[in-house]
Amino acid sequence: MARYIARRLLLAIPVLIGASFLIFAMVFALPGDPIRALSGDRPLAPAVQQQLRDQYNLDDPLAVQYGKYVAGLVQGDFGTDFRGRPVSEIIQERLPVTMKLAFVALLFETVFGLTAGILAGIRRKSFFDSLVLLSTTLIVSIPVFVLGFLAQYFLGLRLGLFPIAGLNDGFRSYLLPGFVLAALSLAYVARLTRTSLVENLRNDYVRTAKAKGLTPMSIVGKHTLRNSLIPVVTFLGVDLGVLLSGAIVTEGIFNIPGLGRAVFDAVRSQEGAVVVGIVTLFVFVYIFFNLLVDILYAALDPRIRYE
Amino acid sequence: MSERPVTSRPSDNPSDTPVALDARLPATGTGRDAELPQAEVDTRQASLWSDAWRQLRRSKLFLLACAMLAVLTVMSAFPQLFTSQGPIDNCDLSNSRQPPGTNGAWFGYDIFGCDYYANVVYGARVSMIIGLAVVGGAMIIGVLLGALAGYYGGWFDNLVARLTDIIYGLPLILGAILLLQFLAQARGERGLFEVSLTLVLLSWMTFMRLFRSSVISIKDTDYVAAARAMGATDSRIILKHIVPNALAPVLVYGTIAVGGIIAAEATLSFLGIGLQLPAISWGLQINSAQNYIRSSPHLLFFPSIFLSVTVLSFILLGDALRDALDPKLR
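Those protein sequence lines, which keep their order, are chains C and F. Residues in the first sequence are numbered from 1 upward in steps of one, following our numbering. Residues in the second sequence are numbered from 1001 upward in steps of one, following our numbering.
Read the hints as simulated data drawn from the structure, not as lab findings. What you were told as hints is all true, and nothing was included just to trick you.
Partner residues are not named here, just some residues of chain F that face chain C (Cβ under 8 Å, in silico): (1) LEU1174; (2) ILE1177; (3) ALA1266; (4) THR1267; (5) PRO1297; (6) VAL1311.
Now the in silico label distances, taken between C-beta atoms and shown as ranges: (7) F:PHE1112 <-> C:PHE127: 44 to 50 Å; (8) C:ARG268 <-> F:TRP1155: 38 to 44 Å; (9) F:TYR1292 <-> C:ALA2: 55 to 61 Å; (10) F:LEU1251 <-> C:TYR297: 25 to 31 Å; (11) C:SER126 <-> F:ARG1057: 23 to 29 Å; (12) C:GLN75 <-> F:TYR1292: 47 to 53 Å; (13) C:VAL74 <-> F:ALA1161: 25 to 31 Å; (14) C:ALA2 <-> F:ARG1057: 53 to 59 Å; (15) F:GLN1080 <-> C:TYR297: 53 to 59 Å; (16) F:ARG1162 <-> C:SER88: 24 to 30 Å; (17) C:PHE127 <-> F:PRO1244: 40 to 46 Å; (18) F:ILE1129 <-> C:VAL74: 42 to 48 Å; (19) C:PHE127 <-> F:ARG1162: 45 to 51 Å; (20) C:THR115 <-> F:LEU1251: 32 to 38 Å.
Built from N, CA and C at the ideal position, the CB exists for glycine as well.
Construct the entire structure; sequences and hints are all you get.
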């Protein structure tokens, strides 16, 4: 087990370095001059420009810039944006918002996705099963931003059930964006649970349990569900990383000041340090949860052996 | 020249001289011996696909998806068939954001007072081109790298695997925003080509993984061993034996992926990072509609419906193909 984890950790290092370098290169190899863009119509004095360039290492070759950046990163220094604000401060301020949003989304996925999947799986080919299959196909086909606007228009504007945008209503403000963020994964969770349950219900141990006279309730609850949920749990784990980055679109539509908005704004205003910092954080979270899920997977399913 | 009459009536003389037999086979090519293996090969090659075709023809969802895609294809190739107006013909600012039905305009008018129906119809082209081109490109890269990585393994396989991990680590939309920003600056333009290239570079990995695992499972089959024993070169084994047999999962995923790519293009254009005005794209239309969601919701609905139906058609087609091509699910 320890060796397996160590090997996976070692494999994650080149991925993290490669991804962050890729991001860094794409952001800082841009031909535009961020300092000039920063100063706008009235150019800054050449000496001030030079000082800013030195401060942000803009005159160094790319590899050196990256090296200095990583050196700072290892010491917990994410750099500063062009107004001198530390990126770590931006992350500290925005991360809780995005985390809350992702958490609400995960809750939706688990509660509704699992329930729909289990009910459909137990009563295969029933009306409810067809309904789940149809509605999940529809949800998957509607792009997230379209779904966001539709929800905003019908549930928010027309019916007035939810706040339309912003965070002024406390927890209630997170419901609609959380649901929109969750929708795609919710459909996948429902389908995955259904398929996995249907497959497991065909197994011999289910027939044995039935022959012993167990009620359908306890067959599904005690025996089948445990095995069926393994792929679902792994999906949910990986999905948490996906949700964080999916927040870019959702946070934009619902005007929520989270990390997704921050990174989007930063890309547009060429705030390189902010972009690289946040995206690297996203990649790190994604890789971390992938790793966690792989280990969890091996722990949940005794048939999987460590090399 | 006594062989001629003999060749035309082979049944007359079963015990020909060797010379006559040799001369007969290549000349006519229809001898029984030549025909048999030929027919056998044909039926075997066709079986998976003809089985699938037989099942597909009976699937209502498949027919529905095909019908919708046929309409969309015609719409993107010849939008004139659907609307007599061009997207920017007869624009009149006094018609700005008029609701559907005004002056007989089915979908109403957009912000600039142009006929919205014509605009939405003309939007199909961009989506279809980008969807098909990106999946085509990603499939070629994925199949190529997957075949090489799966067949040879070793350091190349490792390299491709790490590269795949890195790109998977970048979330698609986030990676696309960064890459597009980069490409747009580098090339001074943000059009169809830049958007397509970005999406190709970020979406080939699944094709690669699918194809690689198919290749690995086929590599050790008996017919590949037989081909190798007969002295077939690596390239011949890959092209003639492995690729045709490993293609089915890639095709199924590719069909579904077209829908995903179309949605991704619309998302990027919606974010203002993809195509730029005056290009006509559903994503751009939804982008300009978002400020008028309260007063003119029709600006939001029509492109949204067209976009979702297009994505849905490809997903349904892919689902039907998977059911037909994957024998495990039957």
